[in-house]
Structure formats: structure tokens, C-alpha cells
Amino acid sequence: MAISQISYELAHLIGATVLMAGFQLLYQRRLFAVLNTFAFQAVALAAAAAWQAHIQDAPHLYVTAVIALVFKAMIVPFALHWLVEKLGIQRSVETAMSIGWTMMAGVGLVALSILLVLPVTANAAALTRESLALAMSVVLLGLLMMITRRNAVSQVVGFMALENGLILAAVSAKGMPLVVEISIAFSVLVAMTLFGIFFFRIRERFDTLDLHDLETWRGDRQ
Amino acid sequence: MNSLLSQIAQIFLVVALAPLITGWVRLVKSRLNGRIGASPLQPYRDIYRLLQKEAVVAHSASWVFRAAPYVTFAAVWLAAAIIPTFTTDIVLAPAADLIALVALLAVARFWTALAGMDVGTSFGGLGASREMMIASLAEPAMLMVSFSLSLISGTTSPAHIIGFILGGGIGIEVSMGLALAALVMVAIAENGRIPIDNPATHLELTMVHEAMVLEYSGRHLALMEGAGMVRLTLFMALIGGIFAPWGIATPGAGTAGLALGLGGFLAKCFVLATALAVFETMIAKMRVFRYADFLGGALLLGLLATIFLYVSEAV
Amino acid sequence: MIGYLSSLPGADNPLLWILGVPLGAAGFLAVLRDWRVATWVNVAASAITFGASLLLLRLRPPPNKLLFIDDFNIYLVLLTTFVGMTTAVFSAAYIARETASERLSELHLRFYHSMYQAFLFTMLLALTANNTGVMWVAVESATLTTVLMVSLYRTREAIEAAWKYFILCSVGIGLALFGTTLVYLAAQPVMGDGAEAMAWTMMIKQAHAFQPDLMNLAFVFVLVGYGTKVGLAPLHSWLPDAHAEGPTPISAVLSGLLLNVALYALLRFKMLISANENALTPGPLLVMMGLSSLFLAAFMLYRRGDIKRLFAYSSIEHMGVITFAFGMGGALANFAGLMHMTMHSLTKSAIFFAVGIISQNAGTKRIADIRGLTSSHPVLGWGFVLAVLAIAGMPPMGVFMSEFLVVSSTFARQPLLAIPLVLGLLLAFGALASRLQMMAFGEPTKPVHAHARASTLSSILALTPLWVHMLLVLVAGLYLPRELVEWFQAVAGILG
Amino acid sequence: MLIASALSALLALALLGVLAGGEMWRHRVVYFCCGLASLVLLAGGLKHLGTTPGTGPEVVLPIGLPWMQAHFRLDNLSALFMVVVNLSTAAASFYGIGYCSHLPEPRRVTPFFPLFLFGMNAVLIADDAFMFLVSWEFMSLASWLLVLADHKKPENRSAAMIYLMMATFGTFCLLTCFGLLAGAEGGYSFPAMRKATLDSTAGFLVVALALLGAGSKAGLVPLHAWLPLAHPAAPSHVSALMSGVMTKVALYGLIRILFDLHGQVPWGWGPAIMVIGGVTAVLGVLYAVLQDDLKTLLAYSTVENIGVVMIGLGLAIAFKGSGENMLAALALVAGLYHIVNHSIFKTLLFLSAGAVITATGHRDLGRLGGLLKRMPWTGAATLVGAAAIAALPPLNGFVSEWLIFQSLFKGPSLPHWAMKFGVPVVGAMLALAAALAAACFVRAFGIAFLGRPRSREAAEAHQLPYSMRLPMAALAALCIVLGAMPVTVTDALSGVVFPLTGVHFAVSSDLGWPWLSPVSSTRGSYSGTVLVMVGLGLFAVTILLVHGFGTTRVRRADAWDCGHPEDIPESQYTGQSFAQPLRRVFCSSLFGARETVRMPEPGDMAPASLKVRLIDPIWVYLYLGIGRVVDFIADRVNRMQFLTVRRYLLMMFATLVFMLLVVAVRQQK
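Protein chains in written order, with numbering that gives the first Met the number 0: chain H, 0 to 221; chain F, 0 to 314; chain G, 0 to 495; chain S, 0 to 668.
You can trust all of the hints, since none of them are fake.
Calculated pairs, SDA-like style, for lysine to any residue (alpha carbon to alpha carbon, straight line, at most 25 Å):
1) G:K364 with G:S433
2) F:K52 with S:G562
3) S:K152 with G:V378
No wet-lab data here; the hints were simulated from the structure. As the structure is a computational prediction, the values presented were derived from the model and not from experiment.
Just chain H, with the same shape it has in the complex:
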């Protein structure tokens, strides 16, 4: 079982890289840096998918890997670059919570997910605790990013980071069917998000579409 042992070590390594990227996303202060970090995370994800495809010899995971590489690591970052240029979005990241606190919260979340998977009896067949903990942390970090960032773009990135975590979990779950379809479905979601940003002309705020007067209207204030 040495091989499989090594293969799992490697899988964890790649997973850890994805998580690291997640953390980096949290402390980036410039928008383009955020995009680059995200691209990096996507590459790592692609690698993870490919490696899983190899060790589980499940060829369809290669498709997932390709999707991740092409769509997430290339198209999406470029599209966002373009959007930022096109709509003249300000380049600095606006945080709702100081970076330091955000990082601490992030650490807390990682701790929580580790705490949660500890009692899970390790059954190497499907997925090791480590990869589960990694995936869950990535998901929670993505969510954290969405709620601590004010810029539309960085929130979109947060959403996609969350989704990266999901895909990571999915691919590293041994023999899980439909992963491809799921990742495709998700890509559609992301595409719609970008479309929405472009269509609705969201510059700064993710949540008011720059229509601040709506705030006064929303929810039929009487």
C-alpha cells in the first residue's frame, strides 16, 4: 500500500495548496492580486482533480480537471479583469471586517472543520479525514470571503472559491458519480454571475446594483 499511501500524501498536499490559496484570498488587498490568487487556486484544483482521476483511474475526472483549468483558471479571471477594466471598478479591496479579524475567523473556521471531522472514523476507502477537513475549510473560507468583502468582484471570487471547495470534495470522494455534470452545472452558475454583473452594471456594490435609492424602497417600506 505504499503507493496508495504516497498518492494520498500527494492528494493532501494539493488539497492543502488549495486551502492556502483560500487563505491568501482573504488577505489580498488589491483586486488583481485577488484574481491571480484565485487563478492559482483553480490551477491547484485542476491538479487535484487530475491526480484523483489518476489514482482512482476514473477518466471522467479529467474532464473536471480540464473544466477547472480552462474555465476557472483562465476564462473567469480574464473575464473579471476585462470587467474591472470595462466598468472602471476601483482596484482596491473594500473590507467589511479588518483583514486581521478576517484571518482569525478563517483560522477559527478551519479549526471548527477539523474539530468536526475528528470523530469521523477514518475509512481510507472513500476519503480521508484530511481531505474532508480541507474541503470543508475551503468552503467555509469562501463563504467568509463573501460576507467580509464589499466589492462585487471579490464577492464573486469568494463564491467561486466556495465552489472550488465543493468540487475538491466531490473529486476526492472516491467513485462519486456525476461530478462532471455537477461541475458543469456550477460553471453555468458562475457564468450567470458574471453575466449578471455585466448586465446589471454592478460596479461597487454586490447587493444594491448601484441603485441606492432602492434601499429606501426595498421590502415595501410604507
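Keeping the supplied structure of chain H fixed, place chains F, G and S upon it in accordance with the hints.
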């Protein structure tokens, strides 16, 4: 058979006696005031004179106004017919107890008050509203009295209460005293005597009962006056019968017993009438809104009378 | 998906029609130009789907890797196709009146009809899917289709509502997917790799042996994920605006059907976890979320000035009650929950039918501007009164029976839990009743005759679905068909 | 079965009512048929009451809860209340024939009137909790819509709203109460509930919830607030039913639960209920005596009478709980007797109020007066009703109060100090209530029907059609009959209380007919029959004497009025001035009654004015308080509607993390 005869006798006795008692009260009062006063038979003459006069009825009055005197008088008379006066052995005794008695007096009051309002004058309304206010406290007080009496004697029918007390069921009791006090206060209020009301006044600030019968004349007035006199007699019979039952004839008593009872009844009536006259000359009339305190006091006395029973029970 | 082509239903299988007809219709309507024809194609397609689902009563297809029908989803399929049909009829009338007031362009209408069928398809797929992954994909695409329809009017409010809906539900869906993966992980050691470990029919048999701790985690994620789509407080925020800003037929199906579908997904997972006695009991979590939704909605109702938001919050309230019922568990409460799902979707869609016509007549959605309906439009007004009374749980309508069961059984078991439930119901009732009285009685406001040009036929068309639904609810309140009772009782048994 | 067909006929009539449209004769037909149906139901009830003791056959319909269906059954208690209900409904229906044409919108009344009747009757024969509640709500909803009949008036709408809320509150209380009785397995049928045994807490809760549930419908203080608002708002023949009958149906529910379904109510509830009843009676009549609106006055007096009945029920519970079944039967008979009486004279009084309103268009005492001359029939009937409700012998109201007093006086015989000291106090309350009721109705009748008219409409009031007068006459006759032969009634009632108390209550123990001597002849007795005969005799004698000794001449003249008559009718006593002494005596502390007099300077032409301000503490502190709390919370909660998507995500995130923490904590254990 015997009881039926004595019943009929009583029915006419109370009516016959009532004016005399009123006359006696007036006589004593005028003597106390240092006047000679009219003969105690004067009320008979008054009533007869009133009966001879034609009755004047206001245009605005309806049939209630004309029916009221008859109903009032009949109701009071019925009540008086049920209270044992000289014997407890009367057929109608079971027909009504103390509660029904209170209610019968309420009937009289109900009609008098309506009659007062019927003509549509301010005085009538004034009298009616004050009368009902007084009654709203006097009635509960009297019911409380009958409550404590029924707790003492285990019955609400006056005949049996008297029988029980005659049978020496109880000695002197706190509750009896309290009940007596309450009943006297109620009697004063019900008969519109000083300090609650003054039968001799026509001063709008003070009059209550008179204000209601203000519009009456002729036979109607006679009936209203008569009802008042019978009511007075009734209360004397009640107080005398329950709190000093001695001498009253019980079932199976012979002619001698009946005679004794009759004598005793007359004696009680005149003692009480004198006492009333003395009392009335001694004190002054109250302000209208002090009535509440006076009668509230009566109500509380009645309550106390019942509560004290448990104390004496517990001993 | 390639692996599944083998298990696609054959021509003898009603499911083929139930799923095929809406899908085909969606494609056809996307290219059909004339909207008048389109409305009727829409109605026809939905009617055929309903007819096909009626076939399920006769022959129930055997489950396969992809699709299955059991006591639980059969009545939901029937309900969905039926409400889909009535709503299509209503939308025919609605669209006619809407175009009379030039709010929608040709293109929008094409888009609308095609999306309507697509939406029906995704919901039916989610209901009949025998695979957690397929179900997830279906729910996700249901979200997408409805997002597009909510933003149909292109007003700022509509766009914002759609955006809110889209973002919140995407995140929710994401979490739900994570939960799904976890369930697979929990199942996989027992059932081996592959689709077996994602098929309801297979999983429920082995659920007792699943990895309990993973199941706990999974249930939390599923609860938060699908719970967002159910609209449980505090995950509800998308719901009122999405209901309020879309076209009214969409509000009707959102409230009446989509919430049910999401809840159905949630309950499937609850079945799994409650079959496993080592895992945590999901009851308390559900009760908690149910009560929070009930109270939040109840208080929100008192401040609503927009008629559609009012009833959107009432949907949150009822989802809360249903969740509470399932959280209590037990034969009576589960039965009540299932019945309440059915009655709520019938009644609430009926209410939205009424609301649609009302707001079209009055030319506004502001409650303050709607008065004296029973005087100005008797048939509509009294139907509305009946529907609101029904949703408020007044007998002899169906909702009363379910509320009777859940409240009384809860009180007999957990009085301390029943008291907040009763208080919440009372609060919500007060708000609804006062609004109802405002709108239905008093001096009528002069109605804006936007529909003056719309034919009387269209107004009859618009009113029929409302009254049909109310008739059903009324009958169900007094008499339930035996099959339905048997299904309910069977499912109530499994739900634990 | 006759009853079933009559009930279904009522449902059909509701449909007819919908179709009646604008044609007045169709409405009349509907009312006529309602009357016939009520008569049939009345006959059914009487038949069961007269012939078959025990319970009738059980009828099961395939509706309701699928696994137990709907059970109906007629037993003595239901039969009695069926008689009570349909007596009044018949009168009100026939009254409606003439009255409906005077309504602003008859189309909003006719369809719901039969439904209302149906609901009330169905409650009485329901034999399982589900059908009971369904019929109960049926009754509430129908009456709610009837209260809304004149929906253009905002005060009617708010009254209807409050009513609906209270009704729903009551239903929920009853629902939970039945839930307890049924247990977790859901034995919702009444027989199952009778068998069920409750632990002490559940037993306590059941009684409390039953009191809240039925009490809110019957109008127990402090749940009475809706009653004086809603009852007057409805059309008069409906107010008559709501006040005279629907409250009785509520009491039926209470009796059914406390004496039948709930095996053993502990005696301690007895004094509690008595005190509630006493307070209700006194407060109710105090409110009533201050009212100027005829119908509101009547509604408040309903509150009083419900209190009186509750005193009887409380006594019965106390007696039954301590094993004194004989006395329990006495108290229960007293309560039921009062229920019967009140349903009759309250219906009568509301119908006559309706007649007054129809004839004059006014319901404010200040604009009425002198109607007795214009409307002799209505006036006479009202006089009887007023005398009866004022508990004057020989009418029926007195008999029931007498019975209640008799059982009260036996209260201290129980070995509980709560009873020994509580009973006298309650007795005082009851006596006070009775006396004030007399004052209240002297005022009402005197101001409305006697004196001189206070408005032109009152002066020109017109006589009403027979269809409206005859029902009133019939009810008035009933008041007299039920008062004149009490023994017959009590014998019938003793058959009703037998299943509930287990003893046959011999009401005329040893004196025999017509002497009413509940405990023993020496205990105190009453005979309405004898009183009537002797009273009439003395009345005749009086007339003979007077006319024998005196003249019968009568002269009509102007009122003397102590020498200075004012001929303007405004100089009469008004309702307010009549109430003033009572207000000063009783209400200054209770309702914070304050009078402010404005006397203009000499030369100032402005009229002098007297303003009276009353505050109802219960309304202000209880109901408005609740309203304020709800508003406060709603404002706070409402902020959640105006957050940004990011904050909504935050909420989601918080929920997720919270639940994960829960799981984590649980797993560590």
C-alpha cells in the same frame, strides 16, 4: 283549615293596622316636637278623603302610570300577607321565603320608579334614580341578613326561622345582633325614613320616594301611601317576629294562643313605632351621597353576621 | 450522464411523458412566435402532463437508477402537475390582461412560456429523481429558470429581487451539494462506489449502517442548503422579494410548488438520518427553524404594505409550521405535515391567482389602495375571503385539519413547544385577518380598469382556477380520498 | 332522521340566501324556512328531552378525520341546549321576515344566517373533538360575517376584527384542551376522552383552557371585551342570537368538558369559578348601567347573566368535587334554568331593541322616550322582558336566581374554608348584581319607553308588522309561563343533570307540585304558581276596594311637577343623569369616572355642559397593552426586511456555523 282562616285574617289585619301604626308614629313625633299632633286615626281619614277625590293624570302619562299604584300596593300587600304576624301557621308561608320577600318589595319599587319616570318630569326621574341607587345597596344587605339567618336556622322561610328560634335553637349570638342591626338599617332605607329620606318633605334636594309619587293624586296617591304604610307594618312584623318571636302562635295553638299572638304582635308594633319616632326626632337627614356609606355599612354588617357564624362555630 | 441513458423511461412509462412533455414544450415554445398560441400550447402541455401523471395511479413504474415513484413523491407529482395546469390556465388569462396593459414585450412572452415549461420539468425531475446528484442538478436549474422569470419585468425592483434570489440560493445550493457529497461519503463504505450509493431506493435500505458522524455533518449542510430554498428563517430573505416582483403566476408556482420541492429534498435526507439511530435526531433542529420562521413571518406580516409580500411571508409562516410538524415527528404530526404541504400549495396558489387579478384591477399592489373587494367584485372578493380564511386555518377548509392535528398532538406530548406554536399561529392569523378585512370590506376604492379591454372570457378564465382550488381545499377539509390517506400514513411511518 | 334533514335544509337555505339577490320576497322565504327548520329542531330536542332518557343513537358520517370520521350524538344535555337554541332562533327567524327589509344590505345577512344556525346546532350534537371544533368555528365565522353585515361603518369593522381574534383565541384554547383530553395517540372521540385518565397537571390545564376557550366566547371578564362591541354591531335579530344563544352554546361547551369529558374536576376550581362569575356579574351590570346605547347595554347585561350562570356552575363543581352530588345537581339545575331564561328574555329584549331602532332609527337612549304610547305591543313585551331580567317575581328570571341563592346558601356546609368565606362574598356580589340589574332596566325601559319623546323620530315612531311583533309576544308569554310553573321546568332539567351528577334531583321534595322546595320543605320553598294566583287575587281585591270606597273619575291635565313644569322634553331625566348616582357610588374608583362641569358666566350665551369620562381598566391595560407589545416587536423584526445581500449571507453563514457548533459539541459528548 285553621291555617287558611288565620291567613285570611292576617291579610286583612295588615291592611287594617297599617294606617294606625303610621298615625301612631306621627303622633309620637309631634308630641316629641312639642306639638299636640293629629289623632293616630288621621291616616284613615286621609286615605278615605283621597279615595273620594278624582284622580288627575298628566297628558304625557301612559298606562304604566295608572297601573303602577295597584301593582305596587298588591305586591306589598302580598309580601305582608306572607310574613307571619301573629301566627306562623298560615297557608301562604311556603309560597315565598325571605328571598322572595325581598323580590316582592323589588317589584313594588320597580313599578313605583317606572311610574315616577312615566310623566316625564325631572323630579320623577330624580326620585327614581335615587331610589334605585339606594335599593342597589339595600337589597344585597337584606339578602345578606337572610343569608346569615338561613345559616343560623338552616332555612330561609320566615315561618321556620321563627319556629327554630322559638324552639330555643340559639341563645344570644353575635351574628344575630349584627343581622338585626343590618336589618334595621335596611328597614329605614326601604321605608324612606330619616336619615335616608323624609316622608314629610317636598324639598327637591332631599326627597326620594316623594319625588316619584309627586304626580299622583286621588285614589292613586291613596294606594301609594297605603303601600308605604303596609310596608312599614311588614318590616315591623319581620323584625318583631324574628328577633323577638315570643308570644307568636305556632301550628296547633288554640284560640287562646292566637289571641296571645295577636296581642303580642300589636304590642311589638307599637313599641317599634315609638322607637322609630324617637329615633327619627333624634337624628338629622343625610346628604344623598352619604347613603352609600350608610347602606354599604349595612351590607358589611350582613356579611360580618355570616362570617361571625364560623367564629362561633369554631368555638 | 452517459451511463444513465440506459435507464431512461420507455414509452410505456408515464414518467417519459411527465418529463418529456414539459421539456419538449419548453423547446417548442422557445421558437414559437405568436404569444396567443403560446399561452394555449402552454395550457395544453401542462394538461397533458397532468393527464400522464394521472396514469401513475394506474401503473406505478418500477424504480431504476435514474427515476422512481413511491408513496411520497407520487402525490407531489400529481400536485405539481395539477397546480402547473391550473396556473397555466390562470397565466393565459393573466398574460392576456397583462399585454392589454403593454407591460410585456413579444420576446419576453416567448421567454416566459418556454421558461414556465422548463421550470415544471426541473421540478418534476427533482421530484422523481432516484439520485441525489440528479436531484441536486434539477433543483439548481429550477433556481436558474425561476431567477430568469422573476426578473421578467426588468424593473429595478424585479432585477434586484432576482439578483438577491440568485445569489442567496446559489450559495444555498452550493452548501446542499456539499451535504450531498457527505451523504455519499457516508454511504459509500456500506454500499460501494457508484450510483448505488446515491440512489434513494438503495440508500434507505442501508441507511441504518451509514457513518453517523458524516450523516450529522451532511444533514446540517443539507438543512441550511435546501432550507434556504424552503425559505426557513433566517435563510428566508430571498423569498418575499422574489415572490413580490415576478409575474403573479410565477409567484403562485414558486410558493405552491418550488417550496414543496425543496422541502421534499430535505425530507428525503431526514428519512435517511432518522433511519440511523446513532446519528443525531434531526427533530430539534427542524423544530427550531420551524418556530423561528413562524414567529419571524408572523411579526413581519404586521408591517407589510404590499399584498404579494404579505402572502409571501405567509408562505414562510406555513413552511415553518410544516417543518415544525416534521420536527415533532410521530404518526399524527407527520401526517399533518404532509397534508399541510398539499393544502398550502393549493390554497396559496389560489390566493396568488386572486392577488394577481386584484392587483391588475386596482392597478397597484399596495394594500392601502385596495378596499371593499366584496362590494366591487363579489365573485373575486368572496373567493379571496374564502382563500385567506383557508390559509389562516379556518375550518372546514383543509389547512384546519392539519393545524388541528399538529397542535393537538404537540400539546399532548410537549405542551411547552405547543404554546409558542399556538401563539405564532394566533399572531399570524391576526395580521392576515386584519389585512383581509381591510381589503375585502368597507367602502370600495374605484377600481382602475386596466383590464377593461380584456375580454370577459379572460376574467372567467382567471377566476376558474381560484374557485377550483378552493373547492378542492374545502372538500379535502371534510373528506380525504383513501389513496391519499394511505400514502400519507405510509410516508409518515418512514419519516419517523 | 328529522334533525339531520333540518340541518341539511339549513345548509341548502344558505345557498338560497346567496341566490336571493335583490328580491326581498326571496329573503323572506329564506327566513321563513329558517324558522320552520328551527321549529323542527326544537321539536326534536323536546321529544328527546321528554321521552328518551340517556343518549340517542350515534350517527357516523364519512367526513372529518379520515381514520375516525365524524360522530354525532344527541343526549339530554345536547337536547336541552337544542331546545334553548332553537326557541330563540325560531323567534329570530320569523322576526327576520319583517325585519330583513329594513337592513342596509340584506344580501350580506341572508346567506350567513342559516349557516350561523347550522353551526350552533352542529356544535350541540358533535360527538368528537374535530367536528365540535369545526362546527364551533363555523358558528364563529358565520357570526363574524354577520357582524360585518353593515361593513361600511369603520367601528363595525374593528368590532368584527376584535371578535374574530377573540374567537380564534378561544378556538385555539379549546383545541389544545381537547389535545390534552385526547392524549398523544389522538383519541378524539368523546367516548374515548371520557375513558381517558389525566394526571393532575393535565387535569388542571384542561379546566383552565376550557375556561379560556369557552369563556372567551361566553364573555367572562376579562375576556368579554369583544362582546359589547360585536353583538350590537350585528343586525338586531342576529345580535339577539349572538347574545341570547351563542353565549349559551359556549356554556354548553364548558359544561360538556367540565362535567362530562373531564372525569373529576377538583373542588378547588369551584370557588375560583364562582369568584370569576361574581366579578363578571358585577362588572357586567356596572358597565351596562352606564351605557346610553340600547344594544350595548343589552350586550353588557349578557355579560352579567353569564356571570350569574358561572356562579351556579362553580357551585356545582365545588359540590361535585366534594361528593355532595345532590347539591351539585341543585346548583347545576339552577345554572341551566338561568341559561334557559336568559336565552329567552335576552332574545326578546334584543328583538325589541331592533324594533325600536327600526321604528325610530335611534339606538341612543338620549333620543328615545315615550315609545310605550306609540308601540304598545313592543312596549308591553319589553316591560315583561325587563321585569324578567331584573329577576322580579313571578317571572322566570327570579326563579333561577332564587335557585342559585338557595344553592349558594348551602355552600358553607362544605368543609372547605374557601367555600365558607368565599360563598358569602359571592352571594353579596350576586345580590348586588341582581339589584343593579333592576336599576339598569328601570333606566333602560323608563328612558326609552316612558316619559316624553326626546326626538322627532321618537315622537313619530310607527307600529311594526305582526311578523316582528308576534315573536316578541310569544317570548314574553314564555317568560311568564316559565316563571309561573317552575316545577315543570326543574323536573325536565333534573333529567338532564342526572347523567352529569349521578343523582336524580327531586326538586319538589315533599310538598309536591307546585311547591318548589329544592332541599326540603323546611329548608325554604317557593311557588310561582301560588304567588301568581294570590297576587292576581289581591290585585283584584285592591281594585274592588278602591272602586268600592272611592270614585273612578279621572281628569287629564298637565304635569304638576312641583309647581314649575317645563314643557321642553329636554328637561326630563336622561340616561346619563339617571345613572349619575350609581356612577358616583360605584364607578368613580373602578372606572376612574370623572365629571367636569362647565358653567358659563352670567351673560355668556354658551350652554352649560357636563362631561363624563370613563376608562375601562381592562381594555386599557390588558388589550391595548398586548397591542403595544406586538407593535414594538414587529417594528424591531421588520428591520430584517431592509438588509443588504451581504448581511443576508451573514445570517446564513451564522446559522450554518451555529449548527456546525451544535453538532461539534454533541459529538464531543
